[in-house]
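Engineer: Modelling step: build the complete structure from the supplied sequences, incorporating the hints.
Number of protein chains: 2
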Amino acid sequence: MTDFAIHPQLIKDCVLLGRFACSHVLLMNNAGAPWIILVPQNTIGATELTDLPRDTQQQLLDEVNLAAVVVKAQPSVEKLNIAALGNMVPQLHVHIVGRSPSDYCWPKLVWASDPGPRYEDAAILLWRDLFSQVDGFSAASL
Amino acid sequence: MTDFAIHPQLIKDCVLLGRFACSHVLLMNNAGAPWIILVPQNTIGATELTDLPRDTQQQLLDEVNLAAVVVKAQPSVEKLNIAALGNMVPQLHVHIVGRSPSDYCWPKLVWASDPGPRYEDAAILLWRDLFSQVDGFSAASL
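Order-wise, the sequence lines are chains A and B. This note's numbering puts the first sequence at residues 21 to 162. This note's numbering puts the second sequence at residues 21 to 162.
Among the hints, erroneous ones may be present.
As the list claims (entries may be wrong) - Straight-line C-alpha distance at most 20 Å; calculated SDA-like pairs for lysine to any residue: (1) B:Lys-128 / A:Leu-30; (2) B:Lys-128 / B:Ala-51; (3) B:Lys-92 / A:Pro-73; (4) B:Lys-92 / A:Val-109; (5) B:Lys-92 / A:Ala-66; (6) A:Lys-128 / B:Lys-92; (7) B:Lys-99 / A:Gln-94.
These are computed hints drawn from the structure, not numbers from a lab.
Structural biologist: In structure tokens:
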């Protein structure tokens with residue numbers, strides 16, 4: 021897995037919070053909606069969720085569930101949008117977005133909306149702390 | 021499971037092709053992009069993928085894989101968009117959309133675009149025939 025690298029566009033748009041066994045955990049730098057992106061590590065060349073071997077898919081799904089718990093615990097989140105899209109960034113990645121009828125772009129999709137405000141540094145640290153309470157999460161240096 | 025019914029908005033927008041063990045298989049009536057929707061049956065009250073028990077999630081994921089094979093086999097499909105959204109229709113459902121840089125709304129998402137043209141009846145029958153070749157699929161009457 022020496023050649024794996026997170027896509028530069030994801031690095032630009034997000035903050036790397038850390039990783040689970042299968043996937044890297046990124047926070048989209050958009051304070052308008054809680055928005056986590058999982059990038060599975062052992063998937064060089066895979067662009068589709070359905071390209072992955074079944075056991076890797078299931079491990080990734082388990083990590084989606086873990087991230088969903090953190091996102092759903094955020095104030096005002098009433099709905100999740102979970103998606104593997106990739107029209108813009110071909111590297112396989114899964115979005116877990118917490119939505120609310122009171123958020124900055126409801127009911128439009130976040131991918132079809134202008135970016136919301138960026139996070140304060142303290143808020144990013146708080147996100148990392150929240151994930152650090154999840155079993156199997158290893159925090160990155162910020 | 022006597023109270024389960026597919027959401028009226030999905031019935032309005034789609035054609036019911038049949039079902040797998042876990043989920044009903046709908047074809048979005050949009051000839052602009054191959055677009056399948058899976059609606060899991062045994063999920064009354066569930067609105068999120070992550071609300072489902074792990075074994076149901078995995079069964080649904082297996083059926084997403086089966087649908088993805090059919091969608092990817094369509095001419096010109098180069099990319100899948102797989103998503104559980106639900107901002108408009110709260111009933112849990114999973115989209116499997118085949119995309120191509122030459123399709124009617126690339127690179128915009130289908131959910132953020134005007135509908136494409138509707139299918140001819142013969143094309144809908146062909147879709148049902150394609151799924152009828154998949155193990156575990158039971159075709160609906162059209």
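Engineer: Each hint should be assessed against the structure and marked as holding or not.
Structural biologist: Hint check:
As the CA atoms of Lys-128 of chain B and Leu-30 of chain A are separated by approximately 18 Å, the hinted pair is consistent with the 20 Å bound. A hinted pair counts as satisfied when its Cα atoms are at most 20 Å apart, and Lys-128 of chain B with Ala-51 of chain B qualifies at roughly 16 Å. About 17 Å separates the Cα atoms of Lys-92 of chain B and Pro-73 of chain A, which keeps this hinted pair within 20 Å; it holds. About 19 Å separates the Cα atoms of Lys-92 of chain B and Val-109 of chain A, which keeps this hinted pair within 20 Å; it holds.
Under the criterion of a C-alpha separation no larger than 20 Å, the hint pairing Lys-92 of chain B with Ala-66 of chain A is consistent with the structure, at around 14 Å. With a C-alpha separation of about 27 Å, the suggested pair Lys-128 of chain A and Lys-92 of chain B falls outside the 20 Å cut-off, and the hint is violated. As the CA atoms of Lys-99 of chain B and Gln-94 of chain A are separated by approximately 32 Å, the hinted pair breaks the 20 Å bound.
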